[in-house]
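Residues per chain are reported as follows:
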Amino acid sequence: MTVRYAVAAILLGAGLLSSAAAQEDSTVAALREQIAQLKGEAEGLQEMFAEVKNAVDALKKLKLSGYIQAQFQSAEAAGIGSYAGGNFPSATASRLSVRRGRIKAQYTNDLTFSTAVLQIDITQSGVGIKDAYLGIRDPWTKFVGLTAGVFDRPFGFEISYSSGSRENPERSRMFQVLFPGERDLGMKLEVLPAEVLFEGEWLSYLNLRAGFFNGTGPTANENDNRKDFIGRLGFEFPFAEQNLAIDGGVSLYRGSARATTKKIYTADATTRVFVVDSTATNLGKNYDRNYVGVDLQIYYELPILGGISVRAEAIQGSQPSTGTDNRVYSTATADLYRREVRGFYVNIIQNIGVSHQVIARYDEFDPNTKVSGVNVGATPTARLTDQDLKYTTLGVGYIYHWDDNVKFVLYYDMVTNETANPAATGALASFKGDVKDNVLTLRTQFRF
Amino acid sequence: MRPIIHFLTLSIVAAATMVAQEVITVKGSDTMVLLAQRWAEVYMSKHQDVTIQVTGGGSGTGISALINGTTDICNSSRPMKTSEKQKLKQRFNSLGVEIKAAKDGLSVYVNEANPVKELTIEQVRKIYLGEITNWKQVGGDEARIILYSRENNSGTYVYFKDNILEGKDYAPNTQSLPGTAAVVNAVSKDKNGIGYGGAAYGRGIRELALKADESSMAYPPTAENVRSGAYPMTRFLYMYVRTRPTGSAKAYIDWILSDEGQSVVQSIGYFPLR
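The listed protein sequences derive, respectively, from chains A and B. Per the numbering used here, residue 1 is the first one in the first sequence, and the count goes up by one each step. Per the numbering used here, residue 449 is the first one in the second sequence, and the count goes up by one each step.
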């Protein structure tokens, strides 16, 4: 009887065990199936991720950036000539405008060290081209590059300092006269070790940008068959312990403009008039457009207040122009006037905390160093005009950085002109005293 | 009436507390993110009037945030480039202030099943340049080497490229992954994989001993070897601020550099300055 019970118990136990094992087998099989399914899903996701990553990597090569500057300006008098964003229309002393509306598309291929940039400017006046260039870098040192197309002229500091970053609403008068539009068509070589090297390697303190350009500005075609050389040799010395940095450079412009008439007027320092040379062979001859510039920027951190910088720049040279416009000569119909020019500016920018900046700039530009104000308007035959008067501008302003995109600028330009001869008549009569042409600018900028 | 008075009183107290609360934002290196979070936790537990917000994103991202003014402190596992200082200078008229916050032995990881135990720096360089492509060439099994790296916004990526690859480019078949943890994860699952990253992430896979050259001894990335400089892949971890720190930011940075702050460095697996 006992044996029978024992056998029955063993059989029951074996049955239970086999049933438990069968149940376990089915659970394991179900789990395996689930794992296989999850693995398949994970692999699917991985494939999808790889596809998305490829697409994102391709998109990362294209970078869109830009900024919009909307502003209100109020001038001391209606219809004034101004370098604070252009002349005011007649009978207009205040205006709202979109000063700049820039969109920049940059495509960079890191593998081939090449880049292409297109930048346009959209304002109420229309759409204009600003940049259109390509750049390639050498794949060995990675700091020697070649750029070709329409881009900033490599001269001085202020030209290449972006209008989106610049504290003053506009560049100084001398740059607006000598380099209208800032850009030109050309090719340049760049040696920029600081782009890739770390501080401490001596080469990282130096940089060079130089090239050949049409000399006609960003939108006009070549008109004299000669290329102008523009170059800047710069340095950047950081003194980290003192939180001081001293940067600067020497720039050179050697170019020319071709005369389209035989009458060449040259400002004479002795007689203080324009002297004409009407030799027939003057027609088609090239006349110097040469500038030399030096620039210096000092950055220092003032305790409690924040960083301060003092930036100064000076230019001297020869400018081929016309009688009624001291900007560079590029016309097919007017006589060529040769002027010696000189200008400088000193700019102080003080940061106060993260969001505030106060700025002041003094700039002076003499478009004809061979004459002074008293000669202008003295005799009509001197052919001197308001384009030969020296100007000084003192600008003061305040910037508030709302966030990393938006800033507000309040700026006041106090413009003083050299006064013309008391005997001046006609259009020059208004320059017998200081013309009322101060301008207040209230600007807001969104940068992206 | 009384509930209204209570509500107003509480609101005023709450508002006053909110005004008194100082917020310090810290952004940057993924390598340093765990360390920075730990620093913040310990510091906030002792200074309840200060809130420290820590985010990663990579050294390059942190430096950009410092330049944009969107972070107070930037963590970086590489020194700032001259061109980045130029940008900071342009916006803030200041070069920024560099603070060495800790030391790190950059580890080279392989899968635990990989028989290779040590490499020379030259071998690591050749592997990542694609000149050595099979584990057999460095004493391992007959198998293709699978390269894992960080993405190019990472300070670790830049440090490795500049210091180990001597500025040359990674082999084109290198797979870039977001974050050192992802590199460790990939290598732990790939028996032919190799990756690199901060020591703090080195758990679960084997960290190789490294030799400065063929004739020198191989040293694993231990605290002693990193501190003594015997381990050949040692670097500083940095903090950057725009201007000389003041107020609560200064107090926080001073604390990080104190013995207490440096003991946190050790607890996370990095190496203190002293």
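Just so you know, these hints were derived from the structure itself, not from any lab. Any given hint might turn out to be false.
To be verified - Negatives, chain B to chain A, calculated, CB over 10 Å: (1) Thr530; (2) Ile594; (3) Ala660; (4) Ala666.
Unchecked claim - Straight-line C-alpha distance at most 27 Å; calculated DSSO-like pairs for lysine-lysine: (5) B:Lys584 - B:Lys548; (6) A:Lys60 - B:Lys616; (7) A:Lys60 - B:Lys609; (8) B:Lys548 - B:Lys609; (9) A:Lys61 - B:Lys616; (10) B:Lys637 - A:Lys63; (11) A:Lys63 - B:Lys609; (12) B:Lys565 - B:Lys551; (13) A:Lys142 - B:Lys639; (14) B:Lys529 - B:Lys548; (15) B:Lys584 - B:Lys574; (16) B:Lys639 - A:Lys53; (17) B:Lys637 - A:Lys53; (18) B:Lys616 - A:Lys39.
Note that CB positions come from ideal geometry on N, CA and C, so glycine has one too.
Going through the hints against the structure:
| no. | hint | in the structure |
| --- | --- | --- |
| 1 | Thr530 | violated, 4 Å |
| 2 | Ile594 | holds, 15 Å |
| 3 | Ala660 | holds, 21 Å |
| 4 | Ala666 | holds, 28 Å |
| 5 | B:Lys584 - B:Lys548 | violated, 40 Å |
| 6 | A:Lys60 - B:Lys616 | holds, 22 Å |
| 7 | A:Lys60 - B:Lys609 | holds, 21 Å |
| 8 | B:Lys548 - B:Lys609 | holds, 21 Å |
| 9 | A:Lys61 - B:Lys616 | holds, 20 Å |
| 10 | B:Lys637 - A:Lys63 | violated, 35 Å |
| 11 | A:Lys63 - B:Lys609 | holds, 24 Å |
| 12 | B:Lys565 - B:Lys551 | holds, 24 Å |
| 13 | A:Lys142 - B:Lys639 | violated, 35 Å |
| 14 | B:Lys529 - B:Lys548 | holds, 15 Å |
| 15 | B:Lys584 - B:Lys574 | holds, 14 Å |
| 16 | B:Lys639 - A:Lys53 | holds, 24 Å |
| 17 | B:Lys637 - A:Lys53 | holds, 21 Å |
| 18 | B:Lys616 - A:Lys39 | violated, 38 Å |
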